[in-house]
Amino acid sequence: MYFVVRKFQGGGRNLMKNLWNFLLLLIVLVVLFTVIFYYLGKVPVIGNVISLLSKLLNPFKHRVEVNIIGSVLYDIQQIGFLRLATVLMEDVVKTSDYEYELDSILDGKYTVDGIYIYRSKASYGIDLFKVEQNDVIIDESQKKITIHLPPIELLDSNINVERSETFNENFKSKILGTFEVGAIDKWVPLDIKEKVKSFCDEKAREKLTENIKYYIMSEDKYSEMKTLAERYIRNLLSPYTEKGYTVEISFKE
Amino acid sequence: MKKVYVVILIILAIFLAFVFVQTNSKKTPELSEIFRRTGDLIVEKYTYQFVVDVDVNGILSDSKSLYRAVAESYVHLNTNEIVIEEKDKKTICVKLPPLQVDEPIIDEQNIQLLDVNYGWFTFNDEEIDNISREKIRMKANEILQRIVTENYNNEITMAEKVVETILKKFYPDKEIIFEHN
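Chains as they are written, first to last, in my numbering: chain A, 1 to 253; chain B, 1 to 181.
Honestly, the hints are just simulated from the structure, not real lab data.
Worth double-checking, as some hints may not be accurate.
Said to hold, decoys possible - With a straight-line cut-off of 27 angstroms between C-alpha atoms, the simulated BS3-like cross-links for lysine-lysine are:
1) Lys89/B to Lys243/A
2) Lys221/A to Lys89/B
3) Lys143/A to Lys168/B
4) Lys197/A to Lys172/A
5) Lys213/A to Lys45/B
6) Lys161/B to Lys144/A
7) Lys161/B to Lys252/A
8) Lys243/A to Lys174/B
9) Lys95/B to Lys45/B
All chains should be modelled from the sequences, with the hints used to inform the complete structure.
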């Protein structure tokens with residue numbers, strides 16, 4: 001009985017010893033092969049074969065894919081507002097174009113001949129915060145990243161319009177509501193002048209807002225902005241193209 | 001039996017080595033090479049419609065005219081001039097070049113005369129035309145300079161964001177510091 005137990009214990013010890021030897025040898029070989037593959041990976045043709053084999057054998061492939069989606073999305077969103085075009089508009093408002101409307105503002109007692117220059121500035125671009133997880137598609141088998149970008153829009157919610165210059169301004173008072181004679185400026189009540197200014201400001205705001213919004217209607221300008229946006233995103237994702245991914249960009253219209 | 005044991009050992013070792021090579025290896029390009037292939041990093045188009053008043057003075061030939069013109073220009077950051085240096089093991093220093101602004105392109109076909117007051121003896125239209133063109137060109141440059149100054153900080157911030165995002169992909173553990181000329 002004692003002999004049987006000793007033999008069993010001896011067998012167990014041998015098994016443990018063999019297992020330790022196996023593990024030790026395995027670690028040494030793994031380190032050795034890793035170093036060899038690492039350096040062979042830098043050799044042009046062999047490197048590609050090693051890279052391909054290591055990708056096929058990688059059990060963490062799914063995890064890497066998920067991380068890439070998060071990473072691409074984070075990189076894009078981090079840019080925030082992608083400004084593609086700045087538009088500065090100056091235009092004139094001539095009182096002679098609004099004679100009838102101004103006549104009621106001036107109570108039929110005065111006339112005004114004025115030319116005012118107005119200015120406003122706005123930017124067109126893409127709000128990259130609007131890119132969602134569904135907008136980034138990664139096809140790992142084809143090594144392709146597809147991104148659906150939000151449409152190009154006006155980035156400023158309010159277009160600020162300001163009068164930059166008065167080219168010409170001449171108030172006149174009417175005699176009996178018919179004849180016009182020159183009137184000294186200070187005779188014209190301030191509130192009348194203010195009303196004229198507010199009227200012209202409003203007309204300028206309408207005119208310049210329309211001009212700025214018209215900018216994006218031009219097909220050439222819109223497609224040029226799209227090209228610029230694509231270029232930005234491709235530059236931003238250049239670390240992925242270095243890794244062999246192709247990037248495809250489309251716009252949500 | 002021993003031969004089988006050795007073969008299994010080698011196959012297992014190769015498999016694990018492939019896994020480790022995949023997870024540990026990162027093909028990191030040279031710092032100076034990262035932005036060589038990307039082309040211009042920042043490109044923005046400035047479009048400006050502006051109004052110019054032109055006064056031509058003379059005895060009984062004073063004239064005053066008002067024009068509306070449209071010009072365009074591009075601002076960009078040349079990636080070939082980005083200087084990237086590894087200061088120490090933890091820091092990468094980036095020097096961005098100044099933004100390049102192209103000369104304004106005036107749309108000659110789209111210059112509109114909005115208003116004009118000629119003097120009694122204004123005859124020389126060619127002279128007025130030349131003075132007007134010169135004034136339009138000067139105003140286009142002036143407005144461009146103003147837009148560039150107003151937008152400069154925004155453009156630089158944008159350039160820094162893009163450069164930092166790209167560099168962080170290759171060097172996630174390093175701090176990126178920007179230096180300005």
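Hints versus structure:
1. Lys89/B to Lys243/A: Answer holds: Lys89/B to Lys243/A is near 24 angstroms, not above 27 angstroms.
2. Lys221/A to Lys89/B: Given pair Lys221/A, Lys89/B is violated - Cα atoms ~46 angstroms apart, limit 27 angstroms.
3. Lys143/A to Lys168/B: Roughly 21 angstroms between the alpha carbons, so the hint for Lys143/A and Lys168/B holds.
4. Lys197/A to Lys172/A: Holds - the C-alpha atoms of Lys172/A and Lys197/A are around 16 angstroms apart, at most 27 angstroms.
5. Lys213/A to Lys45/B: 16 angstroms, holds
6. Lys161/B to Lys144/A: With a Cα-Cα distance of about 24 angstroms, the restraint between Lys161/B and Lys144/A holds, given a limit of 27 angstroms.
7. Lys161/B to Lys252/A: 24 angstroms, holds
8. Lys243/A to Lys174/B: Roughly 20 angstroms between the alpha carbons, so the hint for Lys243/A and Lys174/B holds.
9. Lys95/B to Lys45/B: 24 angstroms, holds
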